[in-house]
Structures are given as C-alpha cells and as structure tokens.
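Chemist: Letter by letter, the chains look like this.
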Amino acid sequence: MQVNAPAIEIRDLNKFYGTFQALKGISLTVKKGEKVVVCGPSGSGKSTMIRCINQLEEHDSGDIRVFGTLLNDNVASIDEIRREVGMVFQHFNLFPHMTVLENCTLAPILVRKSSRADAEARARHFLEKVRIPDQADKFPGQLSGGQQQRVAIARALCMQPEILLFDEPTSALDPEMIAEVLDVMTTLASDGMTMVCVTHEMGFARKVADRVIFMDKGEIVEEADPETFFTQPVNDRTRLFLSQILGH
Amino acid sequence: MSPLPFWRSRSVRRIAVQTAFIAILVAGLGLAIVTAHINLAAQNMTSGFAFLTKSTAWEMNFALLPVSRDDPYWWFMLMGVLNTLFMGVIGLSGATAIGLVVGLMRSGRNPAARLLGTIYIEVFRNLPLIVQLYFWYAVATSLPGPRQALQAHGFLASSRGIYTPGLGVSYGAAVQMLTALAVGGLAAVWFVTAQRFRKVERPARRAGLWAILGVTLATCILAAVLGHEPGTLWITTPELAGLSIKGGVRIQPEILSLALAIMLYGGAYVGEIVRGGFKAVGRGQIEAARALGLTNWQVFARVRMPLAFRAMLPILINQYVWLIKATTLGIAVGFSDFFMVIATSITHSGQTLELIGILMAGFLCINFTLAAVLNRLNRAIALKGNLVGVAT
Amino acid sequence: MTAQPYLSNRRLQRIRAEYFGSAGSGLLTLISLGLIIGIGWAVLNWALLRGSFTATATQAECMAKGGACWSVIAVRWRVILFGIYPYEEQWRSAIACAVVVVMTILSCLPVMWRFWRLAAVWGLGTAAFYILMRGGYFGLIPVDEQQWGGLALTLFLFVTTSVLGMPMAIGLALMRRSDLPVIARVTGIIIDTIRSLPLLSILFAFAIVLPFVLPDALTGDKLYRVIWGGALFFAAYEAEILRGGFQGISKGQEEAAKALGLPYWHRISRIVLPQAFRLALPATINQIVITFMETSLVVVVGFVELLAAGNTAYQTGEWKFAYVEVYAFISLIYFSFVFGLSRYGAYLESRMNAGQRKE
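Chains as they are written, first to last, in full-length UniProt numbering: chain A, 1 to 248; chain B, 1 to 392; chain C, 1 to 359.
Check before you lean on any hint, since a few could be wrong.
Computed list of lysine-lysine pairs in DSSO-like fashion (alpha-carbon distance at most 27 Å, straight line) [as the list claims (entries may be wrong)]: (1) A:Lys-31 - A:Lys-217; (2) A:Lys-129 - A:Lys-31; (3) A:Lys-207 - A:Lys-129; (4) C:Lys-320 - A:Lys-24; (5) A:Lys-217 - C:Lys-65; (6) C:Lys-258 - A:Lys-138; (7) A:Lys-129 - A:Lys-32; (8) A:Lys-24 - A:Lys-217; (9) A:Lys-32 - A:Lys-138; (10) C:Lys-251 - A:Lys-24; (11) A:Lys-129 - C:Lys-258; (12) A:Lys-138 - A:Lys-113; (13) A:Lys-32 - C:Lys-320; (14) A:Lys-31 - A:Lys-138; (15) A:Lys-31 - A:Lys-207; (16) A:Lys-129 - A:Lys-113; (17) C:Lys-65 - A:Lys-138; (18) C:Lys-251 - C:Lys-65; (19) C:Lys-258 - A:Lys-31; (20) A:Lys-113 - C:Lys-258.
Treat the hints as calculated values from the structure; they're not laboratory data.
Work out the full structure, taking the sequences as your base and the hints as a guide.
Modeler: Okay, here's the thing in structure tokens:
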C-alpha cells in the first residue's frame, strides 16, 4: 500500500455478463479524502462498478488499483484490498444470528486479529458515532431499517478502512429513516473519509460530494463538481435523468 | 512489480484444485478396478457380461412371465425389473389412494375424522417400514394351512396366500390385458401433458382421451375373449381341492405383505403431503371463491383441489422415488424384485462388479424416468408467471 | 339469566356444527368415532384386560385368557435388547444405551446449539459408548463387535451413521455450491446418483462387494463398512437438505462477509453454516428420524439389531405364536424414539415460524 498513491485508480475497466457488456471501458480516479457520488438509471452499471473495486464482481479486463495495489490474479491482493475498503449495502446485510456488537467485532477479531476487548471498545465507539450506543446487545431483527443501516456503517467502520463504498444505502429505507442515515454519512464525510456513494439522494450529493459522476449503459457519461453538474449539465442523457429525478 | 508466483495465482489455484479432485476420483476408481481384476484372476474368473446369456440354474418364486431354471440371467433380471415395477405400481397407487383419504380427513373440518387421520399417520409413519413388513409377513404366514383356510364370499385366506375370485382367462391373456392397461395409462398421461395437444380445443382433447380409453378397453376385452376357454366359467372362485387350493387368483404372502406394508407406510407419508398441499392454498383464494358464490363443493373441486395438487406434486415426486426404492425390501421376505435377483445372481455367478453396475444402472433408469415423467406433468400444470396471493 | 347456560349452549352449538354439520359430516363422525373406539377397545382388551403378565405363563394359559402373552417379553427381553452380548456384561450394554438417550436429549436443548458443544457431546458420547461396549479399557472384558446386538447395536448404528454422515454432508453440500464448475458438477452427479439408489443396495454393496474391490488393508470390519455405507447415504440426503438451507440465505450475507475481508473458511463457518443449519433444522431432524428407522435395514445383510433380535426372540422354540407381542414391544421402542424426535421437530418448526412472523 502506497500512501501517496490515489485511493482508487480504475483504468479501462470492462465487465461482461455472458454477452451483455455491463461496463464499457470505465476510467476513474478517486483521491484520498475525496467524496464521489455516482448516479444513473437502474442497469447503468454503477453498482457493478463499485462492486468490482472490492471484487464482489470479477472484472474481465482493465486495471483497478487501490492505494497503488493492483487487483489481479493474486489471491493476496484481494484480501489486502478488502481489508482497506469497507462497504455498505442497500439491504444492510447484517448477520441476523449475531447481536449488533458481534456483527461489529467479528471481522476485527478474525481478520485484524484484534483482542476481543479492543474490538468491543472500538465497536462501542463507532456505535456511538452512528448514534445507537444503547442497542449493542440487540439482534438486527429487533431494530428499525434506519438503525440497521447505521449498524452496518458502524460494522464497516470497525475494520478502520481507508475507503468506504456505499451501494444505494437509502433505497431500501422508509422515507422517514433516510435522513438519519444521511446525517451519519455527512458526519463521516466531514471527518475526511474517502467515500464512493452510489445514491439518488441529490441533496446529499450537492451538500457533500466533491464530484458527481453520471453513468448510463455501462459508461461514464458526465463527471463534474456538484454545482456544475446540477446547474449546467452538458450531456442530454444527464439532463433527461436529472429532470426525471428532480422533476417532481 | 515482481512477477506473481504461481501458487499465489487465483486461476492457477482453481485449475489445480479441480485437477486434484478429478485425479483423486479417478485414482480411487482405478484402484477398485485393478483390485477387482487381481481378485478375479486369483479365483480363475473372467470379467465381462458373457454370463448374462448362461442359464441360472435357480428358481424365481414369482414372475409375471414364464421363467424357469434354464432361462438365462438377462431374462431373470428383466423379470426382476418387471416385478419391481409391478410392486411399484401397486404400492404407489395404494399409497396415493390411502394418502388422499387420510390427507383429506386431516384437512377437513370434522374433528373426529381429523383425529382418526392423525392416529393413522402417527402410527404408520413412525414405525420402520421393514418392521411393518415383517409383521404383516408374520401375520400372513401364520394364517391356518390350506385345509383349514378361512373362507368368505369366494375369498380364501391361508398361510399359502390369499385367494380371490379371478377372470376365467388364460395367463397370457391376463398379461396382455395388464400390458394394454399400462400402455393406455401412459398414453393418457403423455396426451394430457404433451405441449402440442395442449393447444387443441377442449372438446377435441376430451374426444382424444375417450379414444385412448376406448382403444384400451377394446384391447382388454378382445384379449379376454380370445384367452377364454369356451365352456368354462367367466369367473373362477378358489376352492379347496385335496391338500391345495384350485382356481381363483393367488396372492402370495410375500407380495401381500410387501404391498400392504408399502401402501400403509407410504399412505401415511402421502397423507402428510396432501395435507401440506391443502395448507399451502391461500385463505384469500378460498374467500374469493366463496365471495363469487361458489358452493362448498365447487370451491373444493375448482379452487382448492387444483391449487393444492400443484403445491404437493413436487414433494410427491420425491416420495414416489422413495417408495419405488422401498420395493427392494422384498428381499427380506423373499419377493423376487430386481434387487433380489441381482443379489442372488452375485452369490451364484460371482460377477460382482458387473452385477452391481447393472443394479445401479437399472435403478437410475427407473427413478430418472419416473422423475422425468412426473416433472413433465409438474411443468405442464405449473402456474405460469408470478402471481400474488396464490400461496400463503 | 346467567352467562353459564348461554356459554354451554354456544359450546353445544359449536360441537353440533363441527361434528354433525351435515348428514355427510355426521356419518363421517360416527364412522370415525366407531373405528377409534372399536380399535382402541380391541387393543386395550387384548393388551391389558386379557393379557397375561406372569413370566411363567405358557401358551395354553395365555390362550385361555384370550389376550396378549407378555410372558414372551419377560423371558426374552434380554435377547431383544442386547442380542448375544455376554450375559454378565449386559449391564454395560444397558449403560451404553442410556448414554445415547442422554446424548440425544442434550442435543435437543437450545443451550447446546453451539458447534463445539454439540461436537463435544457427540464425540465424547460416541467414545463412551464404544469403550463401554467394546471393553479392553478400565478393566472391562473385551467384547467383539460380532457379539453386539439388539437395541445397543441399533443405537450404535444410528449414532455412528449420523456422526460420520454429518461432516460428509457438509463437505458434499459445500462442494456442490462451489464456484469451481468441475467440482460442483461432479459432486452434483455423485449426490443425485446416491439418492436414486436404494439404501439396501448401498448397504449390500458396502458389506459384500467392497472387500472385493478394495485392497485388504482398507477393507475393515463388515460392521464398519455398513456404517460407512449408511453414512454416505445419509450424507447425500442431508447435503440436499443443507443446500435448501443455503438457498434460503440471501446472497448479501456472503457478500457482506467478503466485503469485511473474511476468508472463505470463516465466511462458511461463521456466517453461512450457522444460518443454513437453522433453516434446515426441521428437515434435518426429519432425516435423522428416518436414519434411525433405516438402521433396521441391516437385518438384510446379517446383523442382529433390534428387529432381527426380535425375530430370533419369537422364532425359536415355544414362542412362535407370540409374534404380535414381540413386534408390539420392539415397535414401542422404535415408536417412542421416532415419535418423540419428530414431535420435537414439529415444535421447533412452529417456533421458528412464529419467530419469523415477529420480525
């Protein structure tokens, strides 16, 4: 891992499902501490792209580097990158058979080889940070959707990753719970975390993002700072998308 | 950047693991074959299937077609397969009939009937099949001897078997009639499920089914008339003649006990499957049917039954395969099914590997065919597309 | 007017609606109750009211009373339970059976549902059973496996089949869901083939054919070959049950574990298997129940377990007439075990369904 290398560097990334090309020559660089929001219609390849970064999907060609480490055939490189990259999912994916605290301490103990006491102390710290310190001994099924997603964020943070990937973190939530999750994400952003968020929350993008990326049909169509992106989009497809999502 | 060492490479690892897996399997199989060859050589025997055409020099106690000690092994095996299928058909139909009754009793609203169904299922499902088989065999063989046989309404029961009235036709004619019925049944299933007939209009399809039924029945009657000896009775009843019993149809204790055991045990399992099928029909479906003004019977026949049948069929398929396999228990009481013929052949001929191979191939064929036919039926009746509110 | 008559009136009405709602229903009620009472009375009359319970009753005396002749059990129960195990050592057999019962009851307690606890209970229990039966340690006289029999042998077959079969099932199930296509396919073919073969043919092949195709060093005792065969069959069925459990877990679970950097073995042992087992528990208990019943098949390849011991108990000498009593006795043993376990499985299933609804 090289500290001065870009956090994420993607060059000419291609991904196929059978004959369908999901990603067509994507290139993207994310600097350390940068917050990037990725949006686009469903099926545009945005989830696939960020899932390639921690190799939940295997890409077919192109280079992905995380802090200079090349993701390739080497089994060790995947392990190394997954340790540095945390992910928050649309459907939370908390482990239902473990308490909130166990969810947060499992990976630090098994992967980071932390002692149980250290792991629990850190877990309580991050649970406090996502504003649910008193739910540690409950099971995920006993929490509301918003609480579950915040636990999922705490769980990712407990591995002390350099980068956090968010895959539509608020799409499965009831409207009244979206704000509490976005608040936590905004706090994280202000703490300097490197973040790549796939989301349709345009308010969040405007407030937090350093850069907004619009994807359609497996390509990056437009890339700009939020101000330019929302006020002067260049591409027709972007304009159409924005009018649909902001139109009412 | 240094080149990747090969043991660190994901793709190399994948290939290596899979190759090693195949290599271990092949080595195990190879070891078995080599050892078998050494053992064969030590006993001065040759491997191969030449023994199939030799005569067996032992007897089969029950077969649907004539068989004697001079017949070759392959004929014995064929008769074994036929016996297995014969027992399978009897067992499956009996188990289905019992299961349907018990399952309906268990899903009905009458508490007394529910209790009776529950008692039945708990007793017969929770005792090993082979214990039940031994029990029924002991009962069947403990009946009085032929001379003291119990008699009622033309039926005789003795330790040599149960005798029922029969048709006065030759054995060959009886076999022909059974064959006609089996072929007719298969044709009907094929006709109902085949894609190209599903597009045919309803009256035409019904006419087709009647045609199949007609041809089958006509063949049966023709076979019966040709096989009937003029001047003799059409119905023969068993009668005591000296030390033995003449006339009628004899059901040997082995067949009787095996069929009874499979029917009663299988019936309990099928009953549970039937109940599960009715439970899976959504309450909303029944309420909707009632709201449309259908009578109780119409709700049952047009809504509950068709939906329940679709829900239970996939599980029934597994149960049927299980019941077919259960016919191998015949060896415990001496019913010459396919497995018993193979086991006896192994002791007499010593061609172990070949015979085990035939056994496996035989059962794979029977079970895969059964599963394929039933799966086809399942696909033919499956509900199309995604429906909301059909299942609970 | 008080509430009491009104209530009982309602109850009467409900009873009438349920039992005699229509002519058909009424007939069904009469037939069902008639059968239940008739058969129940006949069994009661035969087994208890007219049964002979003295150990010395002869056939003639039993016949005179007209009911069951339980004397056969009084005389032959040791054969049925312990087979030809040496008479003075049969207490060991009895304790060994008790060990299995305790082990089974312990496994049913939710407190024990941790991998290591279950593994410890079954590992230690099996070892204790084996040492008690086989002897040779702690001053116990060695008793060869060939002398084991009756209920003790049935329980030994059951325990070893499950203990060996469960890890095999996990292995097969994991191989079948492997990303590596060759392993997944070949394992699939192996599982499907075993499942479509009758258990009896597998037991037969392992008992009689295996010595023929394996070098002598690998052959082992016939008893253990049969156990391996039974375990393989159990594993093929249980692997499919587990596969159902795997399919019930959302894909996101394993992805989340991957994203946290958990390596394969930890993903399987901490995330996937615990959840899969929970989902597959009712079907697994059902399979274990069936496995218990199927131990009786070894009678065909010549072992004297509970059923075969029962057969010898009545087939020799003067007890030939008393087969119903003997089968009733061994049926009661099978039934209490199987019924108990399957009731427990049904209870767990309903509890799980209730839990799911709450979430």
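Chemist: Are the hints correct? Go through all of them and say.
Modeler: Evaluated hints:
{"no.": "1", "hint": "A:Lys-31 - A:Lys-217", "verdict": "holds, 25 Å"}
{"no.": "2", "hint": "A:Lys-129 - A:Lys-31", "verdict": "holds, 25 Å"}
{"no.": "3", "hint": "A:Lys-207 - A:Lys-129", "verdict": "holds, 20 Å"}
{"no.": "4", "hint": "C:Lys-320 - A:Lys-24", "verdict": "violated, 83 Å"}
{"no.": "5", "hint": "A:Lys-217 - C:Lys-65", "verdict": "violated, 90 Å"}
{"no.": "6", "hint": "C:Lys-258 - A:Lys-138", "verdict": "holds, 23 Å"}
{"no.": "7", "hint": "A:Lys-129 - A:Lys-32", "verdict": "holds, 22 Å"}
{"no.": "8", "hint": "A:Lys-24 - A:Lys-217", "verdict": "holds, 8 Å"}
{"no.": "9", "hint": "A:Lys-32 - A:Lys-138", "verdict": "violated, 35 Å"}
{"no.": "10", "hint": "C:Lys-251 - A:Lys-24", "verdict": "holds, 26 Å"}
{"no.": "11", "hint": "A:Lys-129 - C:Lys-258", "verdict": "holds, 24 Å"}
{"no.": "12", "hint": "A:Lys-138 - A:Lys-113", "verdict": "holds, 24 Å"}
{"no.": "13", "hint": "A:Lys-32 - C:Lys-320", "verdict": "violated, 89 Å"}
{"no.": "14", "hint": "A:Lys-31 - A:Lys-138", "verdict": "violated, 37 Å"}
{"no.": "15", "hint": "A:Lys-31 - A:Lys-207", "verdict": "holds, 19 Å"}
{"no.": "16", "hint": "A:Lys-129 - A:Lys-113", "verdict": "holds, 23 Å"}
{"no.": "17", "hint": "C:Lys-65 - A:Lys-138", "verdict": "violated, 66 Å"}
{"no.": "18", "hint": "C:Lys-251 - C:Lys-65", "verdict": "violated, 68 Å"}
{"no.": "19", "hint": "C:Lys-258 - A:Lys-31", "verdict": "holds, 24 Å"}
{"no.": "20", "hint": "A:Lys-113 - C:Lys-258", "verdict": "holds, 16 Å"}
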